[in-house]
Every structure is written in structure tokens, then in C-alpha cells.
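Chemist: Construct the complete structure from the given sequences, taking the supplied hints into account.
The primary structure of each chain is shown beneath.
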Amino acid sequence: MSAHEGMQEPNYLEFKGKYKGIYSWIFSTDHKRIGLLYLFSILSLFVIGATIGLLMKFELIAPGKTIMDAKAYNAFFTLHGIIMIFAVVIPGLPAVFGNFMLPLQIGAKDVAFPKLNLLSWYLYVAGVLMVVISQFTGDQAPDTGWTFYAPYSFRTAGNMLPAVFGAFLLGFSSILTGLNFLVTIHRMRAPGMTWLRMPLFPWTLYATAWIQLLATPIVGITLLMIVAERLFNIGFFDPTLGGDPVLYQHLFWTYSHPAVYIMILPAMGAISEIIPTFARKIIFGYKFMVASSLLIAFVGYFVWGHHMFTANMSGKALYIFSLLTFLVAIPSAIKVFNWISTLYKASIYLQTPFFWAMAFIFVFMIGGFSGLIIGSLAADVHLHDTHFVVAHFHFIVFGGTGFAFFGAAHYWFPKITGKMYDALWANIGLTVFFIGFITLYMPMFFLGVAGMPRRYFDYDEVFHTGNIISTMGSWILYSGLSIIITNLFVSLKRGVKAPADPWGGSTLEWTIPSPPPVENFIETPIITKGPYSYK
Amino acid sequence: MQPTPGIDASNYVSSFNLAFYFIVAVSLLFMIGLTVLMLYFVFKYNRKKNARAVQIDGDLRLEILWTVVPTLLALLMFYFGWSGWKPMTKAPDDAMVVTSVARMWSFSFAYENGKTSQDLVVPVNKPVKINLVALDVIHSLFIPEFRIKSDMVPGRETMMWFLPQREGQYDLYCAEYCGLQHSYMSSTVKVLSEEDYLAWYTDTTAVTTVAEGSAPGSEGFAILKARGCNACHTSDGSKLIGPSYLNLFGEQQIVIRDGKEVPVMVDEEYIKKAIYDPNSEITKGYPKGLMQSYTGIVSEEEIEKIIEYLKSLNEQ
Amino acid sequence: MEEHRDDLASKTGMWLFLFTEMLLFGGLFVVYSVYRYINADAFHLAAQELSVPVGTINTIILLISSATIAMSVTAIRKNNKKLSLLLLGFTILLGLVFLGNKYFEWGHHIKENIYPGSPVLASRGQGDVLFYGLYYFMTGLHALHIIIGLVFIGFIARLIIKDRIVSDNYVLLENSGLYWHLVDLIWIFLFPLFYLIT
Ligand code: HEA
Ligand code: HEA
Ligand code: CUA
Ligand SMILES: [Cu+2]
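Residue numbers (our numbering), protein chains in the order written: chain A, 1 to 535; chain B, 1 to 316; chain C, 1 to 198.
Just so you know, the hints here were simulated from the structure itself, not pulled from any lab data.
Given the structure is predicted, the values throughout are model-derived calculations rather than measurements.
Where hints are given, some of them may not hold.
[Unchecked claim] Derived lysine-lysine pairs resembling PhoX-like cross-links, with alpha carbons at most 20 angstroms apart:
no., chain 1, residue 1, chain 2, residue 2
1, C, LYS81, C, LYS162
2, A, LYS65, B, LYS239
3, B, LYS190, B, LYS115
4, A, LYS345, B, LYS49
5, B, LYS273, B, LYS260
6, B, LYS288, B, LYS239
7, B, LYS44, A, LYS345
8, A, LYS497, A, LYS419
9, B, LYS48, B, LYS86
10, B, LYS44, A, LYS71
11, A, LYS345, B, LYS48
12, A, LYS71, B, LYS239
13, C, LYS11, A, LYS115
Modeler: Okay, here's the thing in C-alpha cells:
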């Protein structure tokens with residue numbers, strides 16, 4: 001155990017700085033407080049986005065109009081997509097747990113640029129506000145889907161400018177976070193922490209940060225072009241002025257495909273922390289885990305064309321994209337195999353975070369395998385833009401990143417808040433959530449194979465059964481999620497005090513008290529061995 | 001018509017099935033295997049049964065094994081997908097040609113003899129090549145039962161082709177999001193026998209002039225309906241995408257011409273211009289570029305009937 | 001909490017940021033190349049209408065300003081505060097002259113009714129529409145970077161006056177120099193694309 005136990009250093013929650021009350025949060029440059037600012041903003045947005053999802057499912061329970069008209073439905077899936085992608089899952093793990101845990105796990109006092117870190121959060125809030133404003137000003141809410149495809153995004157009467165600009169700001173915020181983490185990891189590791197002694201979560205953040213840095217500017221400029229196009233009729237992607245709408249899709253996916261790895265890599269990192277901790281065992285194939293993260297980030301740049309298999313792109317070089325899509329699945333496969341092998345001859349401590357990790361592996365496999373199906377040219381020609389794709393990405397984005405987010409939340413809850421949560425309710429919540437999740441999204445695979453296109457407000461009678469089951473799943477999911485969130489909030493108040501290391505973890509964050517002191521480490525730790533060294 | 005069992009609806013069904021079920025089978029194998037293994041480990045190496053973990057930091061042979069085997073399987077998956085897709089890129093030379101025109105929010109199909117139709121009617125067992133034209137935004141022509149879809153990109157000449165193998169009626173959807181009525185942008189594929197198709201093809205009596213009753217303007221209304229105008233305009237005064245027909249004719253109205261607001265009188269000339277060249281004058285408060293020209297699609301006589309209908313709406 | 005100082009970290013951060021800026025313009029260069037490829041002739045003719053002398057003068061101005069800001073860094077390192085400030089002032093002046101030239105150049109085109117969305121431009125065909133669309137957008141975005149750079153340099157000059165940037169702590173000045181070089185570099189790409197390759 002740690003030598004700091006019992007010292008009178010104030011923790012970061014009690015610390016009294018220059019400012020009081022709310023200002024002590026929104027002006028704080030402490031990475032831990034900023035992490036919580038993000039947590040709070042992201043959770044609120046998640047609840048909004050999820051409630052919209054619930055309403056959409058309600059609309060789809062029967063053919064024809066049930067609770068909203070087509071205009072509202074189109075605006076809803078657009079807002080749902082923008083919120084969930086740009087404001088929830090992309091910043092999700094890096095900005096919340098990355099901010100909080102990265103300095104702790106590498107033995108640093110803070111990130112490299114604390115003020116820039118706070119600026120990122122301001123940009124994030126500004127971006128979200130712009131998106132919100134777009135809903136309530138102008139004639140009509142944006143209705144293009146989160147992909148803003150040209151030329152529809154120039155033609156619609158929807159109030160696109162603030163929404164697109166908001167997405168641009170969110171991207172900018174993401175770039176700055178990535179930049180900050182890169183420099184932090186390069187410059188601020190504790191003495192003795194060589195690259196190969198760094199835990200896996202920082203490693204995935206590192207790979208992610210490169211993607212954030214190298215891919216986000218492309219979508220940034222593309223979104224600016226949309227803004228300019230709507231304001232000045234420049235003609236970038238407008239066929240009547242000579243522009244090429246397919247070029248827009250290329251630029252958009254050049255970012256947005258790597259972006260899906262921004263979402264999943266930190267999630268994989270969190271799972272790679274949880275599994276060794278609860279297995280009491282060094283991770284199987286550490287070096288391969290590191291290499292696969294970097295490989296995913298790298299190969300991920302060259303597969304964007306798989307979103308455009310039916311777009312009639314010029315050159316017909318589609319099969320290259322398909323081939324690379326299959327190859328990018330291999331590093332993910334390596335990760336799954338290593339996680340499961342870590343359990344071999346382990347001594348598994350069955351706790352909620354571990355159950356989340358198991359659930360993650362299961363749904364991630366379903367999501368990944370469905371990705372292989374749509375990565376196959378002949379299959380995607382049929383399945384593209386159907387509910388099969390919707391099922392794929394909910395399984396892997398919500399199932400992958402979302403499950404890992406909740407797993408990480410339960411794993412680090414004691415460290416962040418200094419309280420333990422109620423394990424029984426947490427497990428009940430997870431079970432209900434899991435059942436709801438499968439019931440909600442599994443039928444969408446069948447609907448997609450049967451040919452139900454996505455972004456359809458109304459559908460033919462043949463698709464009715466699947467949609468009923470799916471909608472009922474969304475209610476179960478809703479119940480599960482409410483249990484989980486309520487349990488965490490109640491435990492904040494009533495939970496018993498958490499020790500420094502409730503799970504017996506071996507990474508640095510468990511060597512300091514919970515909640516951590518303001519300066520993190522009283523003495524800078526000196527690292528002599530790799531992470532996950534259990535004896 | 002009841003589909004004949006045993007025959008695939010199109011030439012792509014079998015290659016789709018091969019690619020799809022191969023990946024599903026491999027996936028299920030791995031899914032079940034890995035899940036069972038995971039659960040087994042969790043039971044066997046539970047803390048209660050196994051108090052001390054054995055530290056194993058990796059195994060190079062295993063790593064190589066589970067890199068190489070999935071890679072080979074993935075290459076095989078790629079191959080099936082690729083070989084099923086390859087034929088789609090080039091239509092046979094003897095294919096019959098249909099031109100499909102998509103606009104918000106309807107499809108129309110033009111045949112070589114000048115016939116146009118709202119449905120896609122094709123003979124069985126003859127390759128069909130469809131030239132894809134989009135007038136406003138991107139649409140996508142999707143025939144689920146044929147396992148084929150292709151985007152229709154404005155300003156780009158593209159095509160798709162298929163071989164219908166089974167007589168019957170099939171759904172045709174627009175699969176690329178294109179605005180408000182995207183989910184209503186659908187049509188039907190009718191695969192007919194050779195004789196039925198010929199009969200249909202050579203029958204050139206116009207379809208749109210069937211009057212629905214004898215009220216004044218009812219012919220005009222039928223035209224509006226058949227040409228897909230009602231996707232954007234209503235007769236009851238409510239605003240959908242464009243202005244309503246109600247109380248339109250004979251009224252004063254503000255339009256934007258070359259960036260300036262000018263008052264105009266809605267008369268016969270104006271209506272004709274609004275249909276043939278809608279973007280030269282934009283009604284104030286409405287977006288530009290949504291309505292496309294109907295030159296060559298709506299004839300002058302038809303416009304007269306439409307105007308008759310518009311007038312009938314005013315008298316109420 | 002006391003802030004620890006790590007100049008290498010600041011500089012690494014700046015380099016990474018400049019990298020993202022390059023990519024931002026990189027996206028535009030891709031768009032430019034694609035449309036140039038499709039509309040080779042129209043781009044060729046339209047490019048001849050831009051004034052090469054004005055473009056050349058602006059290029060020289062930016063190159064000199066890059067030199068002056070680099071010299072300013074050397075000056076502060078040698079503890080010559082006055083010279084350093086003078087050179088910064090000179091840099092700002094050159095930046096303003098550049099913007100002035102740009103202003104007249106744009107004004108000239110706009111007077112001829114050549115701007116995005118203008119009917120005159122539209123009547124000249126799609127290649128011209130795209131060329132001028134890109135011209136205005138890319139040089140406009142570049143000008144925006146110049147303005148940001150000038151504000152940044154002004155802010156740095158204030159810090160020098162207040163002795164916050166001194167001979168052993170000048171990383172901020174160095175970073176603003178790096179930024180200014182980048183802005184210069186981007187212009188070096190823009191200049192041939194719009195003025196020279198005809
Ligand atoms: C977290 C985000 C995330 C992740 C990680 C992925 C991962 C993958 N995705 Fe997904 N994808 C999305 C988010 C994501 N995707 C989103 C949001 C969209 C829709 C966007 C929109 O249109 O709105 C999309 C759309 C999408 C498409 C376009 C579909 C279409 O529109 O027609 C395709 C096509 O190739 C695809 C493929 C893949 C593949 C092959 C992977 C692979 O990386 C998966 C790899 C994982 C595995 C394969 C499982 C583990 C492996 C094993 C257990 C070993 C066995 C393996 C073998 C035998 C090979 N995705
Ligand atoms: C992180 C990503 C994410 C997540 C989590 C979700 C979650 C959900 N999504 Fe998702 N979805 C997307 C990302 C995501 N979605 C994207 C990118 C698109 C594409 C958009 C486009 O086409 O442009 C999409 C599209 C999309 C569609 C397709 C629309 C169409 O094509 O026609 C549908 C339809 O059913 C849907 C439904 C849902 C549902 C029911 C949920 C649910 O799972 C939500 C689940 C949660 C709840 C139901 C619980 C809410 C909880 C509370 C309110 C708790 C409150 C309690 C307390 C605080 C105590 N989504
Ligand atoms: Cu046309 Cu969707
Ligand atoms: Cu992708």
C-alpha cells in the first residue's frame with residue numbers, strides 16, 4: 001500500500017482554490033476537475049440523445065404516423081446522431097477518463113497544458129450550444145443526418161449553419177485534447193516509466209490522440225466548406241455549379257472512419273485495464289496489445305471508402321477498400337484473443353466492472369462480425385443504408401464504447417468519488433440493460449437483411465414485427481440504464497468510503513488515496529517494473 | 001402473383017448468399033467458441049476455486065496462430081464479396097436499357113421507345129441496364145429482393161444492371177436519405193413474362209389522363225398526383241415544402257428574381273414559368289433549388305388542366 | 001498550483017498544432033487538385049486573370065516578414081529588447097501591407113462582379129465558378145490566419161515590453177515565430193496554385 005495513506009493533503013474535491021462554488025469548477029485547470037466537467041456534460045447529453053432514441057423507436061413501433069411527423073423524425077435522428085457521435089462517444093472516454101486517469105497512470109501532476117485543457121472544454125460547451133441553438137432558431141431544425149451529405153445539406157431549409165459550425169467546434173476541441181495528451185505522454189511520464197512500462201489505457205489514448213490530430217482537421221475544413229457553401233454559393237460540392245458530391249463523401253469519411261477508432265480505442269484500453277485487475281494477472285501479450293492499438297490507428301486511415309461502396313465513386317477501386325477493411329479487423333481480433341487468454345489460470349474477482357468487460361467482449365464481437373459482413377462488397381451492396389448498418393454501429397458504438405464507458409465508470413468510481421457503489425443494484429442494472437440492448441438491436445439485423453432502409457420515418461407492413469420487438473427492447477434498456485445511473489448517484493451520497501485500492505489494482509492511480517489529492521502524487525513515483533505486475 | 005419457389009429473384013441472390021452466409025458461419029463459430037471459452041475460464045479460474053493466479057505474460061506461437069488464421073479467413077471473406085460484386089460493374093452488351101430519373105420524391109422510368117412509367121416493368125430473364133439520373137440531390141435505387149442498390153448522384157452518369165429471374169412484383173425503395181418524404185419515395189418492380197411485357201411495352205395510350213370524376217379541374221388534380229407534385233404541395237393551404245395550391249391563382253405575390261424582391265401576379269404565364277423554370281423566380285420564404293424544372297415531363301396541355309384545377313380551388 | 005515550465009513540451013505542442021493547420025489546408029489542396037483536374041482549361045484561363053506582380057510582391061513581403069520575426073527571436077536571445085521589439089513591429093507592418101494588397105486585389109475582382117454567387121461569374125461556366133470559389137475561400141482563410149498571427153504577435157510584443165519574455169524565457173516568441181512561418185509557408189503553396197500555374 002501507499003506511503004501517503006493517512007496524510008493530511010486535501011483531496012481535489014475539497015480543495016479550496018482562488019474561486020468558490022461553481023467557479024472553482026469552471027475555472028479550474030486541474031485535470032481531475034476538468035474530467036468531471038466533461039463527465040457531467042457528456043452524461044447530460046447522453047440522456048438527451050438517448051431519450052431522442054427512445055422517441056424514435058416509439059415512432060417506429062407501427063407503420064404510419066404514431067407520435068411525430070416525418071419532419072420531426074428527420075430532425076430527431078439528425079440531432080441524435082450529432083449528439084451521440086460528436087458530443088458523446090468521440091470525447092467520451094478520452095475526455096472523461098483520459099483526462100482524469102492519464103496523469104495518474106503515468107505518474108504526472110497534470111496534463112502538459114492545463115489551460116488548453118480547460119479551453120477544450122469551453123470549446124466543447126460552445127459546440128454543444130451551437131447544436132442546441134440550431135434546433136430552436138431558423139425555420140426548421142437541421143434534417144440531414146449526422147453525415148451532412150451534399151448536396152442535400154445545401155438544399156434543405158433546415159437551419160444547418162449553427163449545427164455544422166457546432167460540429168466544427170467539437171472537432172476543434174477534440175484536436176486540442178489529442179494534442180495535449182500527445183505532449184503529456186511524450187514529456188511527462190514518471191521517471192523509469194519507459195514506453196513499454198506504460199499501462200494500456202494511456203497507450204490507447206496515445207494512438208487515439210494521433211488520429212484526433214491527423215484526421216479531425218480534414219472534417220474541420222470540410223464542415224467549413226459546407227458553411228461557406230451555404231453562405232456564399234461557392235460551388236464546392238454542388239453539381240449545378242460544377243462541384244462533386246462524391247468528393248464530399250470522400251472528405252467526410254476520411255475523417256469519420258478513423259473517428260470510429262477514436263471511439264473504440266480508448267474503450268479497448270479501459271477494458272485492458274479492467275481485465276488484468278480482476279484476473280489478478282499480467283495481461284496476456286502486452287506488446288501485441290500495444291502494437292495492435294497502433295496498427296488499428298494506422299490502417300484505419302485507409303478504409304474510409306467502405307462507407308461508399310454504392311456511391312459510384314470514380315475509379316472503382318472499391319475492392320482495395322474492402323480488402324483493407326478486412327485487414328483492419330485483425331488487430332481487433334488479436335485484442336479479443338489476448339483478453340480471453342488473460343483469464344486462463346487467473347484468479348478472477350467477480351465484480352461489476354468485470355461483468356461489464358465480459359458484456360463488452362460479447363457485444364463487441366457481434367458488432368465487429370457484422371462489420372465484416374458489410375465490409376464484404378457483394379453483401380454491402382444489399383445491406384448499405386439499411387437497418388443492418390444501424391444495428392452494426394449501435395452494437396459496436398453503443399455496445400463497444402458505451403459498455404466500456406459504463407465499465408470504466410464502475411471501475412474508477414471509487415477512485416474518482418471516494419465512495420463505493422452498491423454492487424447488487426449495479427449488477428441488476430447491468431443485467432436488465434444487457435437484455436434490453438440485445439432485444440433492441442438484434443431485430444434490426446433481420447430488418448436490414450429483409451431490406452428496410454434506414455432513416456425511414458415510415459415503413460411497409462412486412463417490417464412490423466421486428467420493429468415491435470425492437471421498440472420493446474428500448475423500454476427494457478431504458479429501465480436498465482435508469483437503474484444504473486440512479487444507483488451511481490445514490491451511492492455518491494450513501495456509499496461507504498472507498499479505500500485507496502478497492503480492487504487490488506496494480507497501476508499507479510491505485511497507489512494514491514481516493515479521492516486523489518490535488519497534486520496527485522506527494523512524491524513523484526519512480527517506476528521499476530511494467531504495469532500489471534502481480535505476484 | 002405468387003413467387004415460384006426455388007428460383008432466385010435475380011442473378012445476385014446466390015452470390016450475396018455465398019458471401020453473407022460464409023461470414024455469418026465463420027463468425028458464429030468464433031462467437032460461440034470464444035464466448036464459451038470465456039465463460040469456462042470465468043467458472044474454472046474463479047477466485048473461490050483458484051486463489052492464486054499463474055502469471056503468464058504471453059506466448060509467441062499463439063499470437064502468430066491467431067494472427068494468421070483470422071487473416072486467411074478474412075482474405076477468403078474478401079474474396080467471396082469481391083467475386084460477387086465484380087459482375088455488377090459491367091452490364092452485358094445485350095441488356096435492354098431503361099433510364100431512371102429520380103427527383104424529390106419520386107422515381108420515373110423512361111424506355112427506349114419513349115414510354116415512361118412510374119413502375120419499373122421488365123421482362124423476365126433478360127438483362128436490364130438502368131441508367132441512373134438524379135435531378136436534385138442524391139437518391140439511391142434499391143431493390144431488396146434483387147440484392148442490388150446503387151446511388152443516383154446528380155451530375156454523374158451512372159448505371160446498374162441485373163437479370164430478373166422470377167416473375168412477380170417487388171418493392172423498390174430510395175435508400176439514400178433525400179429529405180422529408182424519403183421514406184415515401186418508393187415504387188414497384190414488375191417482372192413480367194416475355195409476352196406480357198411486350199404487350200405492356202407497345203401499349204402507348206397515355207395513363208395520366210384518366211379523369212377521377214367530373215368536378216372542374218379533376219383532370220388537373222390527377223396530373224398533379226401522377227407527376228409527384230403533391231410530394232411538396234398541398235391543396236388545403238398547409239405548407240409542406242413548397243407553397244400550397246390553395247388560393248394561389250390570381251393572387252399578388254412576392255418573388256425573388258436575381259436577388260431582388262418583386263411583386264408579381266400569379267397568372268397563366270407565371271404558373272408555366274414556375275413549372276418549366278422554377279428557379280428563376282423563387283417565391284419569397286421558400287428555398288431555392290428544391291423544385292426542378294418539369295420541361296418535357298409536364299406538357300403545355302397538362303399545365304392548362306393544372307391551372308383549371310388551381311382556379312377551382314379559389315372559388316371556395 | 002505552481003506551473004512547471006517545459007519549453008520542449010511547448011514547442012512540441014506548437015509543432016503538432018502547426019501540423020493540424022497544414023492538414024486543414026491539405027484538405028483544400030485536395031479539393032483544388034480534383035477540380036483542377038476536371039476543369040483544366042477553365043482553371044488555366046482563370047488563373048491568367050490574377051495579377052502575378054501583386055502576388056509576387058505579397059510573397060516577397062511575407063518572406064521578409066518571416067525573416068524579421070526570426071531575427072527578433074535572435075535579438076531577444078542576445079538580450080536586445082529594443083531591437084527585438086522593432087523587428088516585431090516591422091513584422092506586423094509587413095503583415096498589414098500584405099492584407100492591404102489583398103484588400104485591393106479582392107476589391108478589384110468584386111468591382112468586376114466576380115465573386116461567389118454573382119450572376120456574371122455564373123455565366124462564365126463551372127470551371128470559373130470553382131476556381132474563384134476556391135480562390136476566395138483559400139486566400140480568405142489564409143488572410144484569417146494572418147490576422148490571427150498579427151494579434152498573436154501584438155500580444156507577444158506586449159509581453160516583451162512587460163519583461164515577461166526575456167533572454168532565458170522566450171518560448172512564446174519562438175512559437176509565434178513558428179506560427180508565422182507556417183502562414184508564410186501556406187502562402188508559398190497558394191501563390192503558385194492560383195497565380196503561377198496557368
Ligand atoms: C466504435 C465504432 C466502430 C468500430 C470499432 C467499427 C468497426 C468496424 N466497422 Fe463500422 N461503422 C461504425 C462504427 C464502427 N465500426 C459507424 C458509426 C458506422 C455507420 C456510419 C453511418 O453511416 O452513419 C459504421 C459503418 C460501417 C460500414 C459501412 C456500412 C455501410 O454504410 O454500408 C462498414 C463497411 O465495411 C463497417 C465495417 C467495420 C469493420 C469491418 C469494423 C472492424 O474494425 C471490426 C473488427 C472486429 C472484429 C472482427 C471482432 C473481433 C474479432 C474476432 C473475435 C476474431 C475473429 C476475426 C476474424 C475471423 C476476422 N462499418
Ligand atoms: C453512442 C452512440 C449512440 C447511442 C448510445 C444510441 C442509442 C440509441 N439509438 Fe441511435 N444512432 C446513433 C448513435 C447512437 N444511438 C447514430 C450515429 C445514428 C445515425 C444517425 C443518422 O442516421 O444520421 C443513430 C440512429 C438511430 C436510429 C436510426 C434512425 C433511422 O435510420 O431511421 C434509431 C432507430 O431506432 C436509433 C435508436 C436508438 C435508441 C433506441 C437508442 C437507445 O439505446 C438509447 C438508450 C438509452 C435509453 C433509452 C435510456 C435513456 C436513459 C435515461 C433517460 C435515464 C434517465 C435516468 C436518470 C438520470 C435517473 N438510433
Ligand atoms: Cu430519394 Cu431518399
Ligand atoms: Cu468505417
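Chemist: LYS288(B) and LYS239(B) were given as a pair; does the straight-line alpha-carbon distance stay at or below 20 angstroms?
Modeler: 15 angstroms, holds
Chemist: Given the proposed pairing of LYS497(A) with LYS419(A), does the C-alpha separation stay at or below 20 angstroms?
Modeler: 5 angstroms, holds
Chemist: Quickly compare the C-alpha distance for LYS345(A) and LYS48(B) to 20 angstroms and report which way the hint goes.
Modeler: 13 angstroms, holds
Chemist: Taking 20 angstroms as the top limit, are the C-alpha atoms of LYS65(A) and LYS239(B) close enough?
Modeler: Distance ~18 angstroms between LYS65(A) and LYS239(B) Cα, so the pair holds.
Chemist: Please verify whether LYS11(C) and LYS115(A) have alpha carbons no more than 20 angstroms apart.
Modeler: Holds - the C-alpha atoms of LYS115(A) and LYS11(C) are around 16 angstroms apart, at most 20 angstroms.
Chemist: Are the Cα positions of LYS71(A) and LYS239(B) separated by 20 angstroms at most?
Modeler: Given that 20 angstroms is the threshold and the Cα spacing comes to 12 angstroms, the pair holds.
Chemist: Does the alpha-carbon distance linking LYS345(A) and LYS49(B) stay inside the 20 angstroms limit?
Modeler: 11 angstroms, holds
Chemist: Taking only the CA atoms, is the gap from LYS273(B) to LYS260(B) under or equal to 20 angstroms?
Modeler: Satisfied, since the Cα-Cα distance of roughly 18 angstroms is no more than 20 angstroms.
Chemist: Please work out if LYS44(B) and LYS345(A) have their alpha carbons no farther apart than 20 angstroms.
Modeler: Between LYS44(B) and LYS345(A) the Cα gap is close to 8 angstroms, so the pair holds against 20 angstroms.
Chemist: What's the verdict on LYS48(B) and LYS86(B), does the C-alpha distance respect the 20 angstroms limit or exceed it?
Modeler: Distance of about 56 angstroms is beyond 20 angstroms: violated.
Chemist: Hint check: LYS44(B) vs LYS71(A), CA-CA at most 20 angstroms. Holds or violated?
Modeler: With a Cα-Cα distance of about 55 angstroms, the restraint between LYS44(B) and LYS71(A) is violated, given a limit of 20 angstroms.
Chemist: Please verify whether LYS190(B) and LYS115(B) have alpha carbons no more than 20 angstroms apart.
Modeler: Given pair LYS190(B), LYS115(B) holds - Cα atoms ~15 angstroms apart, limit 20 angstroms.
When each numbered hint is compared with the structure, violations occur for hints 9, 10.
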